[in-house]
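Asker: First residue of the sequence shown: 1, per full-length UniProt numbering; consecutive thereafter.
Derived from the structure by calculation, the hints contain no laboratory data. Since we're looking at a predicted model, the values are computed, not measured. No false leads were slipped in.
Below 25 angstroms or equal to it, Euclidean Cα-Cα: the simulated SDA-like pairs (lysine to any residue) are:
no. : residue 1 : residue 2
1   : Lys185    : Ala214
2   : Lys185    : Pro148
3   : Lys119    : Ile188
4   : Lys145    : Asp200
5   : Lys131    : Asn68
6   : Lys92     : Asp66
7   : Lys123    : Asp146
8   : Lys36     : Lys92
9   : Lys152    : Asp167
10  : Lys185    : Asp146
11  : Lys232    : Lys254
12  : Lys53     : Asn96
13  : Lys123    : Asn63
14  : Lys92     : Asn124
15  : Lys119    : Ile56
16  : Lys116    : Asp50
Restraint ranges, calculated between C-beta atoms of paired labels, are given here:
no. : residue 1 : residue 2 : range
17  : Glu166    : Asn79     : 26 to 32 angstroms
18  : Asn112    : Lys230    : 32 to 38 angstroms
19  : Lys232    : Lys125    : 38 to 44 angstroms
20  : Glu57     : Leu244    : 56 to 62 angstroms
21  : Glu248    : Lys125    : 41 to 47 angstroms
22  : Asn49     : Tyr134    : 30 to 36 angstroms
23  : Asn162    : Lys254    : 25 to 31 angstroms
24  : Asn245    : Glu83     : 49 to 55 angstroms
25  : Ile257    : Asn79     : 46 to 52 angstroms
26  : Glu149    : Asn58     : 36 to 42 angstroms
27  : Glu242    : Lys185    : 23 to 29 angstroms
28  : Glu215    : Glu57     : 50 to 56 angstroms
A virtual CB, placed ideally from N, CA and C, is assigned to each residue, including glycine.
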Amino acid sequence: MDCDFIKNKIYELSKSSINNSTKEILNINGYNFYKKTTALMIASYFGFNDIAKELIENKADINAQDVNGKSAVFFSIENDNIETLDMLIENKANINIQDSKGITPLIWASGNGKTKAVKILLKNKADINIKNIYGEKAIIWASKKDNPEILKILIENGANINEKDEDKCSCAIWAAYNNLVDNMKVLIENGADINAKNSDGNNPVMLAAECGSAETLKILLENGADLYEKDKYGTTALMWAEMLNKKECVEILKYYINKGDYIK
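Construct all of the structure, not just a fragment, from the sequences and the given hints.
Answerer: Written out as structure tokens, the structure is:
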């Protein structure tokens with residue numbers, strides 16, 4: 001975030017009397033900062049809590065959004081300023097506000113490893129089922145990144161473990177695609193459908209094979225995932241692994257085929 005000038009400006013203002021600094025900050029709120037970033041957003045990002053409090057008390061727009069649709073709540077989460085986040089929520093900030101891509105603070109925090117923020121947002125009744133413009137809920141974002149703890153928290157709070165995005169990609173498919181072993185373990189332990197297909201007819205086993213996600217492939221097969229399924233082109237996981245020269249995945253798939261545990 002390229003806003004050192006703004007940070008320094010607010011810091012300088014904070015040295016003057018609190019009332020005078022408030023008036024000056026409010027006068028430039030939203031328009032003279034980088035990409036319509038308000039003083040409250042910057043104070044929230046850098047953890048200038050005294051200034052943030054003063055701005056709120058003087059009726060700064062707590063839900064103002066920058067050019068990307070981010071509000072002060074997003075800014076506090078981005079830089080791990082949990083105390084500021086608490087303050088914003090206490091002052092009725094909209095925790096379900098969506099940015100220009102439909103992303104909520106909970107979705108963003110879930111996909112960026114912000115565990116403390118996720119807990120606070122859920123404690124304050126953040127909507128776990130809001131989707132962004134790509135049909136992705138918070139649990140989908142968590143499943144794409146190495147965030148097993150956040151994944152657990154979302155599941156414990158009622159998130160649908162078999163949720164799919166607009167391309168019908170499930171949490172298990174994303175975990176397989178990105179070779180996120182711990183995420184896959186959490187999903188399987190909580191009863192995720194490990195054979196669900198996306199819009200191309202790919203299931204988690206196929207995606208793991210295509211992407212060379214050997215560790216995740218093993219876990220899927222150990223838990224009974226179907227290795228004979230075909231996508232909409234008639235291609236199996238083994239065919240994909242061979243075509244893409246994913247040697248370790250080829251060996252794993254052939255081992256399970258030769259075990260005789262599967263029947264075509």
